[in-house]
Amino acid sequence: MSLRIVVTVKYVPDATGDRHFADDLTVDRDDVDGLLSELDEYAVEQALQISENSDDDVEVTVLIVGPEDAKDALRKALSMGADKAVHVEDDDLHGTDALGTSLVLAKAIEKAGYDLVISGMASTDGTMGVVPALLAERLGVPQVTLLSEVSVEDGTVRGRRDGDAASEQLEASLPAVVSVTDQSGEARYPSFKGIMAAKKKPVQAWDLSDLDLEAGQVGLEGAYTVVDSATERPARTAGTIVKDEGEGGKQLAEFLASQKFI
Amino acid sequence: MAEVLVYVDHVDGAVRKPTLELLTLARRIGEPVAVALGAGGADTAAVLGEHGAVKVLTHDASEYADYLVVPKVDALQAAVAEVSPAAVLVPSSAEGKEIAARLALRIGSGIITDAVDLEAGDAGPVATQSVFAASFTTKSRISKGTPVITVKPNSAAVEAAPAAGAVEALSVTFSAQATGTKVTGRTPRESTGRPELTEAAIVVSGGRGVNGSENFAIIEALADSLGAAVGASRAAVDAGWYPHTNQVGQTGKSVSPQLYIANGISGAIQHRAGMQTSKTIVAVNKDAEAPIFDLVDYGVVGDLFDVVPALTEEINTRKG
Ligand SMILES: Cc1cc2nc3c(=O)[nH]c(=O)nc-3n(C[C@H](O)[C@H](O)[C@H](O)COP(=O)(O)OP(=O)(O)OC[C@H]3O[C@@H](n4cnc5c(N)ncnc54)[C@H](O)[C@@H]3O)c2cc1C
Ligand SMILES: Cc1cc2nc3c(=O)[nH]c(=O)nc-3n(C[C@H](O)[C@H](O)[C@H](O)COP(=O)(O)OP(=O)(O)OC[C@H]3O[C@@H](n4cnc5c(N)ncnc54)[C@H](O)[C@@H]3O)c2cc1C
Chain A
1 MSLRIVVTVK
11 YVPDATGDRH
21 FADDLTVDRD
31 DVDGLLSELD
41 EYAVEQALQI
51 SENSDDDVEV
61 TVLIVGPEDA
71 KDALRKALSM
81 GADKAVHVED
91 DDLHGTDALG
101 TSLVLAKAIE
111 KAGYDLVISG
121 MASTDGTMGV
131 VPALLAERLG
141 VPQVTLLSEV
151 SVEDGTVRGR
161 RDGDAASEQL
171 EASLPAVVSV
181 TDQSGEARYP
191 SFKGIMAAKK
201 KPVQAWDLSD
211 LDLEAGQVGL
221 EGAYTVVDSA
231 TERPARTAGT
241 IVKDEGEGGK
251 QLAEFLASQK
261 FI
Chain B
1 MAEVLVYVDH
11 VDGAVRKPTL
21 ELLTLARRIG
31 EPVAVALGAG
41 GADTAAVLGE
51 HGAVKVLTHD
61 ASEYADYLVV
71 PKVDALQAAV
81 AEVSPAAVLV
91 PSSAEGKEIA
101 ARLALRIGSG
111 IITDAVDLEA
121 GDAGPVATQS
131 VFAASFTTKS
141 RISKGTPVIT
151 VKPNSAAVEA
161 APAAGAVEAL
171 SVTFSAQATG
181 TKVTGRTPRE
191 STGRPELTEA
201 AIVVSGGRGV
211 NGSENFAIIE
221 ALADSLGAAV
231 GASRAAVDAG
241 WYPHTNQVGQ
251 TGKSVSPQLY
261 IANGISGAIQ
271 HRAGMQTSKT
281 IVAVNKDAEA
291 PIFDLVDYGV
301 VGDLFDVVPA
311 LTEEINTRKG
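Sequence order for the protein chains is A and B.
Letter 9 of the first sequence, counting from 1, is numbered 9 in the numbering used here, and no numbers are missing.
Letter 283 of the second sequence, counting from 1, is numbered 283 in the numbering used here, and no numbers are missing.
Treat each hint with caution, since some may be false.
[Stated by the list, open to error] Here are some of the chain A residues that sit facing chain B, going by a computed Cβ distance under 8 Å:
1. Arg19
2. Gly95
3. Arg233
Source of the hints: derived by calculation from the structure; they are not laboratory data.
Owing to the predicted nature of the structure, the values given are computational and were not obtained by experimental measurement.
Quick reminder that beta carbons are idealized off the backbone N, C-alpha and C, glycines included.
Given the sequences, and given the hints that come with them, work out the whole structure.
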């Protein structure tokens, strides 16, 4: 038996940098360094653990839709231990929204071949948390999402989803789409050996025509959403800061009373 | 007037507050028609009617509880087919966003998630989003199909607006996908008696500075003096001092209360992503250089073990 896992990973601007929008109101990618969205490291980690715990022959492919620089993120995932990578890159992808992204990802996943798709719970830039559900809908397979615990055995994926009202145990047959939370387990650091090995691993490059897609279906032109404006939030006016010299609690109570909270 | 579908988040017929907020926003765009699914759906009609729902479409089936997400998408799609609404509004919970996304794809529409405000516009509803850890405010709209928009809790005031709230049975045929993901077990969360974190008007949070699960009693006492919900940073959650469901931040809950009090929290970007839209921000931290002080309306540089109990005592005294 063999198990083909495709892990979706996104290349995002570093959240600790000064993120901005470009003139066309898409994310300014020149201003801030990009990296592998941290929440997708958890997806790579779970794929590797499923692989390590399986008697089957497991192949882990990482898949990214993004610009040239997104290769850095693929390298990181490969050096963690993924077997190979697919990079979908095309100038016409600029400004693609969630529906478009899920279309491109679904086409690429089908072309790559899969039994299991693993995504992060959300990207750290758009933070929508909808792409895994969209992939399940497009691929016509079960969605087993937002898992804090996941296992695969005999063609069945099981996991725990911690929701607001309850914690649920879920189960579905493969093929399926899974997303994992940052509670699923710390992601490993690439070892020196892993980093060296990654340099030799295959990275396949596809453009829209490889996926039988046309420019009008994606990018700003194909988008179902329009951003009309993006304004930087005015810096908060400097607040009052006091040093506690025994009266800090009382002073704070006074402030809260002045704001009618007590 | 155009109808606007509002997806009802309820627990056995008890409507959660974000849904009532959606009814306020829906009335800016058209006439709210609510969709209440599962056990107790019909019991929601009275309160939805008091808040502006002209109609409440209900459907109950065991599929809603036994399978993940898709049965609800099937039902909402049936409601869209029946009503031909001007927009569909869904609360921005994790599940709400997944339902909304699949619906949008099926009906050939775009989706906007995590709106913090909504207005009628010439080319359809305009959604305000607060992005990049609330450092930018964007205005967006959906350019194709019926706008599907998810809205964060605390984005609008709940307003009474009596309407008919007439219950009508929705007819739903489940798709082949509906039974794909089984819910094989469910452990309900125990109620703490405190307000729901995302809905609370005041949130009192503790971080690594609280230094131990037993010390969270100090944070809880302050919360109780204010009728507040309790939040925690990921550092406190990862240390096992407080449940993950109370985590505030990028991978926890995003909160937007009237007042947020951060105790022993440094203010890392991922924490700020979940609380920066709070109206008034207060922090207690012994490090005057902590980044959280860049956000505060009022900050106390001091030991939380001194400041927080003194604050709680003072509040309780003032309340008499
Ligand atoms: C601030 C901001 C707000 C936005 N708001 C909207 C909006 O309201 N509506 C809309 O349609 N679009 C929106 N977008 C665009 C959207 O972020 C992109 O289309 C994106 O690729 C998909 O959404 P996400 O990153 O939020 O995905 P999420 O659903 O948060 O991502 C979940 C997972 O999907 C996978 N994934 C997502 N994108 C990729 C990718 N390119 N390559 C590989 N894997 C991927 C990753 O595993 C990720 O962890 C927004 C973008 C930004 C920067
Ligand atoms: C992908 C990703 C997602 C993340 N998601 C989240 C998230 O959702 N939520 C979140 O919170 N974090 C999140 N984080 C973690 C985040 O980066 C920080 O590590 C975390 O917020 C730090 O928590 P803290 O402020 O409690 O701890 P610290 O940064 O250690 O700060 C503790 C603070 O307490 C103060 N202090 C100590 N003792 C006292 C005392 N006696 N009295 C007063 N002050 C005291 C210290 O001065 C210090 O400022 C995420 C990280 C990553 C990489």
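In rising order, the numbers of the hints this structure does not comply with: When the structure is compared with the hints, only number 2 turns out to be violated.
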